[in-house]
Structure formats: structure tokens, C-alpha cells
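Colleague: Sequence:
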Amino acid sequence: MDNSLLEILACPICKGKLIYKKPVQELMCKQCRVAYPIHDDIPVMLAEQARELNKDEEL
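Numbering (this note's numbering), first residue to last: 580 to 638.
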């Protein structure tokens, strides 16, 4: 994931900052507690494609 791309991406739900989790290839939103998948280095920034984070998942 390119750092310059990460700086301009925002959560489509709350417009908040995203956290890149390289081992699981996801962008996570701390405020909404959702994760957006990354497929072939392309983030899928669709709210309907996001998965809800479990309460015990680390951000």
C-alpha cells in the first residue's frame, strides 16, 4: 500500500482516518469499527464491502 495513497483515503462512512493493517491487507476505521479489504493493492472503499470489527480486535 502506497503511503501517499493512504494519506488521502478516508472512511466513506465517517470520513475519518484509516489505519493500514498490512498482515491482513485491510484498512481499518477506528471510529466506525469497520475494515475495508485490499485486493491486489487496491483498497475496496465501499461501505457494503466493509466488515465489522470484533470487540477484541486490535486497532
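Simulated from the structure, these hints should not be mistaken for lab results.
Please note that a few of the clues may not be correct.
Claimed, not checked - Pairwise CB distance ranges (calculated):
1. L584 to K609: 24 to 34 Å
2. N633 to K601: 13 to 23 Å
3. K634 to S583: 28 to 38 Å
4. L625 to K596: 14 to 24 Å
5. Q604 to E627: 15 to 25 Å
6. P616 to C593: 17 to 27 Å
7. N582 to K609: 15 to 25 Å
8. S583 to D635: 27 to 37 Å
9. Q628 to K596: 16 to 26 Å
What the hints assert, rightly or not - The calculated lysine-lysine pairs, modelled on DSS-like cross-linking and capped at a C-alpha distance of 27 Å, are:
10. K609 to K596
11. K600 to K634
12. K601 to K634
13. K594 to K634
14. K594 to K609
15. K634 to K609
16. K634 to K596
By construction, the Cβ of each residue, glycine as well, lies at the ideal position given by its N, Cα and C atoms.
Colleague: Hint by hint, which ones does the structure fall short of?
Modeller: Hint 1 alone not satisfied by this model.
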